[in-house]
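K.L.:
Let's have the full structure, built from the sequences with the hints guiding it.
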Amino acid sequence: MNLPLTDLYETDFYAWTQKQADLLRQRDLNNLDLENLIEEIESLGKQDKRELVSHLKILIAHLLKWEFQPTHRSRSWVFTIREQREEIEDLLERSPSLKPYLSEAIEKAYKRAITLAAKETGMKLREFPSLVHYTWEAIENSDFLPGIHLDSDEDLLD
46 MNLPLTDLYE TDFYAWTQKQ ADLLRQRDLN NLDLENLIEE IESLGKQDKR
96 ELVSHLKILI AHLLKWEFQP THRSRSWVFT IREQREEIED LLERSPSLKP
146 YLSEAIEKAY KRAITLAAKE TGMKLREFPS LVHYTWEAIE NSDFLPGIHL
196 DSDEDLLD
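Residue numbers (the working numbering): 46 to 203.
To be clear, the hints were calculated from the coordinates, so they are not data collected in a lab. Treat each hint with caution, since some may be false.
Calculated lysine-lysine pairs in the DSSO-like style (CA-CA distance at most 27 Å, straight line) [as the list claims (entries may be wrong)]: (1) Lys144 <-> Lys156; (2) Lys94 <-> Lys156; (3) Lys64 <-> Lys91.
Quick list of the computed label-pair ranges, beta carbon to beta carbon [said to hold, decoys possible]: (4) Arg118 <-> Glu80: 47 to 57 Å; (5) Lys156 <-> Glu128: 17 to 27 Å; (6) Thr56 <-> Glu185: 14 to 24 Å; (7) Ile83 <-> Met168: 41 to 51 Å; (8) Glu172 <-> Tyr59: 44 to 54 Å; (9) Glu85 <-> Ile193: 40 to 50 Å; (10) Pro115 <-> Leu69: 47 to 57 Å; (11) Lys156 <-> Asp52: 35 to 45 Å; (12) Gly192 <-> Arg157: 37 to 47 Å.
By construction, the Cβ of each residue, glycine as well, lies at the ideal position given by its N, Cα and C atoms.
P.N.:
Next up, the structure:
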């Protein structure tokens, strides 16, 4: 049974993607499901933006926890901070056109980070600054942890 491509898109997405790839390889542009293909390609770009905000949220939440709960600092937090920085670096390397979106992404992530930090620390939302108080330069700096000066975070991971 050969379903039309638009039906295949609705009933078996994986099969649809494989068929689209085959048609592209064959340069058979006339038989592509262009409307859905355009939608999926646009969605991929939006996914990178969402991924950037998500990594920033986790990173900023851990920076807030580090700053506002110094008695609870842990190696686990340092590892999470480091991992999120690496994920963001990889994402920006893969999609450098996201860089102009950074300040908007940080703003969006910060609001979510406060909620996450409050949930994980038991602190009240109002105990955190309502406005972003970390610069992009600080956020991406592998040696930045609020409240302490480091030459490298390596000492914290030993």
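K.L.:
Going back to the hint list, which numbers does this structure go against?
P.N.:
Hint check: 6 and 12 fail, others pass.
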